[in-house]
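As given, the protein sequences belong to chains A and B, one line each in that order.
If you're matching positions, the first sequence starts at 1 in this note's numbering and goes up one per residue.
If you're matching positions, the second sequence starts at 1001 in this note's numbering and goes up one per residue.
Straight-line Cα separation of at most 25 Å, BS3-like style, residue types lysine-lysine; simulated pairs:
1. Lys1189(B) x Lys108(A)
2. Lys122(A) x Lys90(A)
3. Lys87(A) x Lys27(A)
4. Lys84(A) x Lys108(A)
5. Lys27(A) x Lys111(A)
6. Lys1189(B) x Lys27(A)
It is worth saying that the hints were derived from the structure and are not from the lab.
None of these values were measured; they are calculated from a predicted model.
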Amino acid sequence: MKKYSLETVVGIFVVAGLLCVAYMTVKLGKVSLIGDEYYSLHARFASVSGLRVGNLIEIGGIEVGRVERLSIDQEDQMSVVELKIRKGIKVYDDASASIRTAGLIGDKFVKIEPGSTGELLKPGGIIAETTSPMDLDELIGKYAFGDIKKDDIKESK
Amino acid sequence: MESTAKDNPFLSFFQFIGKKTLYIINNLGAIAIFFTLAFLKIFRPKQFREIVQQVFYIGARSSNIVILVGLFTGMVLGLQLFYTLNTFGSEGVLGSVVAFTLIRELGPVLTAIMITARAGSAMTAEIGILRISEQIDALYTMRIDPLQYLISPRIAAAIISFPLLTAFFDLVGIFGGYVTGVLLLGVDKGAYFYRIHAYVQMADISGGFIKSLVFAGLVSTICCYQGYFAHLLTDSHGAKSVNLATTAAVVYSCVMILVSDYVVTSFLM
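Using the sequences plus the hints, can you model the full thing?
This is the structure:
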């Protein structure tokens, strides 16, 4: 301790502390320092029950972004989800999006099948084909009252 | 008026409550003025050297103890939460639970309490002794503003040091949870860090830092105030009053940390 002057110790302390703060905000808090490394797409669902801002977006099981905003289109009574997707991830206009659950009671996430044949979606583009989440409550209700059919399961899937 | 209050038990009861209330409000007002004046004097010229000196005592010297406490807090959290989560078969979320607990709650609070014990008590004792040995009056006679010379650098240093030490505490605590959870008890390493990364949001982190800034203001103000006005204590004088002021400063600081923690949390939620 005695080798270093007071200023040096304070300097080391402040720099180390600021590095910790920076690590926490950038790595854990997901604050992007280098501006726009994401672009946004929109997807319209009949229902987004259980989905929240910040939920993950996956393509083939790999995290590629997060849900940025949820809003309602008053004209069509549809829920519009704004998806923030990493730049360089290609999504085509024949892509489809579905809302899934991680495990039985886990968090919801958006699964995207990126498509392959159509045109590349530009930032702000709309994913046309969507599937709403399977409503577990409804299914259990139907099962309990005995009017569940094979078709229902297939449809909601 | 005094006589009517003594005659009538009802009136004396209300007089007692009124006296206490006025006393508390007077004190709160004095502390608020004390903090505002000292805070504004931070930005006067020639404060930099004094602030660096205080950051050394409050921040750099406290980092060892904060890191030690953070490590063991994280380790015990990993241990306790592992056995709790294990009963639900969901020890995979251990990482996010440890990180949330540390970043939102334990990091700011325990850091603040450790700094109170280490640096806050020293602040009160030092300023209290300067007061009872009339050195603060000597500063006045030399036309040096004691508030600007003694108090402002300490408040500034606390505001700089608290968030930095909280960041140390959080990261070391997460590492401590890793040591017990992953290395000793065999939680999957990838799951531990992935959950932290996936679930901790910027709002949690900024909430923790807002808390630590609030604690910095509270602790430094209370400790400096108690020391600065140690000579005004009515029930003692001399060395005894420094003793009482230091005890009061530590107790008030800890109570105010926990009370304001609840208030700030309810505002942030």
